[in-house]
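Participant: This is what each chain is made of:
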Amino acid sequence: MLKKCFKYDFKSVFKIWWIAAVTVLGLSVPAGIAYESLREHFKDPARRFIWENSAVGAFWFSVMAILILTSVLVAVRFYINFFSDEGYLTFTLPVKRSTLLFSKILSGFVFYALTALVVVVSLAVIGLFVPAVGESYSCLTAEVLCEFILIFKEVPLKDILWIIAYALELVLMAILSPLVSTLFLYTLITLGATIAKRHKVAATIGLMVGSNYLLSALIIPVVLAIGLWVNATLHLFSDKMLGEYDWMYFVLFAFLFVIAVLATVCAFLGNVIQGCLERKLNLP
Amino acid sequence: MKKLISVFVVLVLFSLFLLPVGASAEENQWTLIDDGKTLIHGFKEYEPYNNPPDWIYFPEGDIYLYEMDYSGDTYEHEYVSVVPSDTDIVKLHFNETVYVTKEGKEKLDRFKNGEYSFYLLCYDHNIVKPFEYSDFSSFMIEENLTEIDVTTVWNNDIFEVRAFDASGIFAHNCGAVYRIENDYYYVHYDTLPNSYFDAYGGFSYRQGIVPAYKLNENAVKFVESARFSSLARIENYVYPEEKAFLGEDDNAAAAITFWALIILFGFIVPAVPLVLSVIFANSKRVINKKRWYFLTAASALWIISTVGILASLYHH
Numbered sequence: 001m002l003k004k005c006f007k008y009d010f011k012s013v014f015k016i017w018w019i020a021a022v023t024v025l026g027l028s029v030p031a032g033i034a035y036e037s038l039r040e041h042f043k044d045p046a047r048r049f050i051w052e053n054s055a056v057g058a059f060w061f062s063v064m065a066i067l068i069l070t071s072v073l074v075a076v077r078f079y080i081n082f083f084s085d086e087g088y089l090t091f092t093l094p095v096k097r098s099t100l101l102f103s104k105i106l107s108g109f110v111f112y113a114l115t116a117l118v119v120v121v122s123l124a125v126i127g128l129f130v131p132a133v134g135e136s137y138s139c140l141t142a143e144v145l146c147e148f149i150l151i152f153k154e155v156p157l158k159d160i161l162w163i164i165a166y167a168l169e170l171v172l173m174a175i176l177s178p179l180v181s182t183l184f185l186y187t188l189i190t191l192g193a194t195i196a197k198r199h200k201v202a203a204t205i206g207l208m209v210g211s212n213y214l215l216s217a218l219i220i221p222v223v224l225a226i227g228l229w230v231n232a233t234l235h236l237f238s239d240k241m242l243g244e245y246d247w248m249y250f251v252l253f254a255f256l257f258v259i260a261v262l263a264t265v266c267a268f269l270g271n272v273i274q275g276c277l278e279r280k281l282n283l284p
Numbered sequence: 285m286k287k288l289i290s291v292f293v294v295l296v297l298f299s300l301f302l303l304p305v306g307a308s309a310e311e312n313q314w315t316l317i318d319d320g321k322t323l324i325h326g327f328k329e330y331e332p333y334n335n336p337p338d339w340i341y342f343p344e345g346d347i348y349l350y351e352m353d354y355s356g357d358t359y360e361h362e363y364v365s366v367v368p369s370d371t372d373i374v375k376l377h378f379n380e381t382v383y384v385t386k387e388g389k390e391k392l393d394r395f396k397n398g399e400y401s402f403y404l405l406c407y408d409h410n411i412v413k414p415f416e417y418s419d420f421s422s423f424m425i426e427e428n429l430t431e432i433d434v435t436t437v438w439n440n441d442i443f444e445v446r447a448f449d450a451s452g453i454f455a456h457n458c459g460a461v462y463r464i465e466n467d468y469y470y471v472h473y474d475t476l477p478n479s480y481f482d483a484y485g486g487f488s489y490r491q492g493i494v495p496a497y498k499l500n501e502n503a504v505k506f507v508e509s510a511r512f513s514s515l516a517r518i519e520n521y522v523y524p525e526e527k528a529f530l531g532e533d534d535n536a537a538a539a540i541t542f543w544a545l546i547i548l549f550g551f552i553v554p555a556v557p558l559v560l561s562v563i564f565a566n567s568k569r570v571i572n573k574k575r576w577y578f579l580t581a582a583s584a585l586w587i588i589s590t591v592g593i594l595a596s597l598y599h600h
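Chains as they are written, first to last, in the working numbering: chain U, 1 to 284; chain P, 285 to 600.
Just so you know, these hints were derived from the structure itself, not from any lab. Do not rely on the hints blindly, as some may be mistaken.
Computed cross-link-like contacts, DSSO-like style, restricted to lysine-lysine with a CA-CA straight-line distance of at most 30 angstroms [what the hints assert, rightly or not]:
1) P:K573 - U:K200
2) P:K574 - U:K4
3) P:K498 - U:K197
4) U:K96 - P:K321
5) U:K3 - P:K389
6) P:K505 - U:K4
7) U:K7 - P:K568
8) U:K3 - P:K573
9) P:K573 - U:K7
Remember, it's a predicted structure, so these values are computed and weren't measured experimentally.
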């Protein structure tokens, strides 16, 4: 059933999302040409660069728009499907609530990942037009890739294993980060919709604003603590950090630490949503 | 009446607490008054000392830097350098003006007049070997007197003979041994006329031909041994006011920060979801209990990664 649930969740968001994605990709071509034109003629005092600035501005506006639109579409789909009148129909389906939730989490994650992919691809398209610094070829061509391959060939096997280990950890972090964003959004909607008997949307928005303030207040002491700890660690273990490969174990476990924190947050938020859906479902 | 007595007792107790604070504040209080003409520290008064520019500030061991209290603009953020073994001679850290008490002035005057307390043969500034007055005679043998061109020797191996004052704070270069190819030559600065020195009293390498004594075999052995001397004269600046902060030399503060934060964020914080998830997973009221074990696994991984970080730091 997960496949079917996911198909409908995906379609529901995709029917609007694809327009934004195509717009971003489409605008990346004139933006790339505009960047190249700006680079070539920026010393010309007679030129006003109206179309160039417009093209670049439109591209970055579309990037902002797709980032916001994805969050809104995912949130709206989750809210309407679970907590509006449609919720009666959803929860009468012969599907486990955990499957319904997992489908939403998966579709949310997929759209965040697709959005990131669209942004990366559009930036790569711009890179095709703009030459690399000091070179005649573009930032993203076969020559640049060949240089990367040549550098990689010179790396010893032991280092390649380290690079693979780090790459795996980075992939895990890249998966967990949008997952945390998706689950955080779903948690706020779920709490807003289950706590408030009326004005659920207002309650959700209130929770979003409140959580935003709370996170902003928390981030300062956390960053300060991290800075202090890194400073103290570098001070106490400066000799060790200089030793061959010693610091690489440290970085490996530091990445694992971040992964574990993200995974804990994901598991906690997932359980909160699941608990609310099972025990405190508050349909209109 | 009871209230008055209570207030009196409280005030007495409070003043007792203030006593050590006042004493410690006075202990480190250095105040410059009279437009820099007098430096006050407790009951001691210091006045500026006009030392020759070639004197080298070369004390051994800890040099305490105390923040100086001054209302003018000239000495903003200035420190007073104090050598604990002799507090009659102090120096402003950045401005480099020397301040002395009457006793300190007497000591430095004697030093200025050529009364040296002890000598050191110094290689590479900090590596030193004790040098006796009698060693000059083995260095300066009349039949070995010759002339060397010093314009090209400034980058060679140089062994300076430094004379110190009675406090051991200031030094003066009496002369230096220069290595030219495989021979060593001693130039005795103290017997050279002023034309051999620059405006700051330093030996001038632009002078050209300079009288020098070629060292004999025994003297060469003595000089060579200074190169591998195990004695080191090292100064160590201490900032007493800043001991409470996490500075470069404060291992204790760094260790406390390191352990406090790693215990809090690496063990205590993840222990909360770990314990809660186990409780929920075994609670009868919870539906679909098994899902809580994901949280157990994630928080356990959090703690394991912390242990991994510690192991990577302490692994030899």
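Participant: Please work out if K573 of chain P and K200 of chain U have their alpha carbons no farther apart than 30 angstroms.
Facilitator: Holds: K573 of chain P and K200 of chain U sit about 28 angstroms apart, inside 30 angstroms.
Participant: Against the 30 angstroms threshold, does the CA-CA distance of K96 of chain U and K321 of chain P hold or violate the hint?
Facilitator: Given pair K96 of chain U, K321 of chain P is violated - Cα atoms ~88 angstroms apart, limit 30 angstroms.
Participant: Are the Cα atoms of K3 of chain U and K389 of chain P separated by 30 angstroms or less?
Facilitator: With a Cα-Cα distance of about 94 angstroms, the restraint between K3 of chain U and K389 of chain P is violated, given a limit of 30 angstroms.
Participant: Please verify whether K3 of chain U and K573 of chain P have alpha carbons no more than 30 angstroms apart.
Facilitator: holds (24 angstroms)
Participant: Straight-line Cα separation of K573 of chain P and K7 of chain U no greater than 30 angstroms?
Facilitator: holds (28 angstroms)
Participant: Hint check: K498 of chain P vs K197 of chain U, CA-CA at most 30 angstroms. Holds or violated?
Facilitator: It is violated: about 103 angstroms lies between the C-alpha atoms, which goes past 30 angstroms.
Participant: Is K574 of chain P within 30 angstroms of K4 of chain U, Cα to Cα?
Facilitator: holds (25 angstroms)
Participant: Between the alpha carbons of K7 of chain U and K568 of chain P, is the straight-line distance 30 angstroms or under?
Facilitator: violated (35 angstroms)
Participant: What's the verdict on K505 of chain P and K4 of chain U, does the C-alpha distance respect the 30 angstroms limit or exceed it?
Facilitator: violated (93 angstroms)
The structure is inconsistent with the numbered hints 3, 4, 5, 6 and 7, although it conforms to all the rest.
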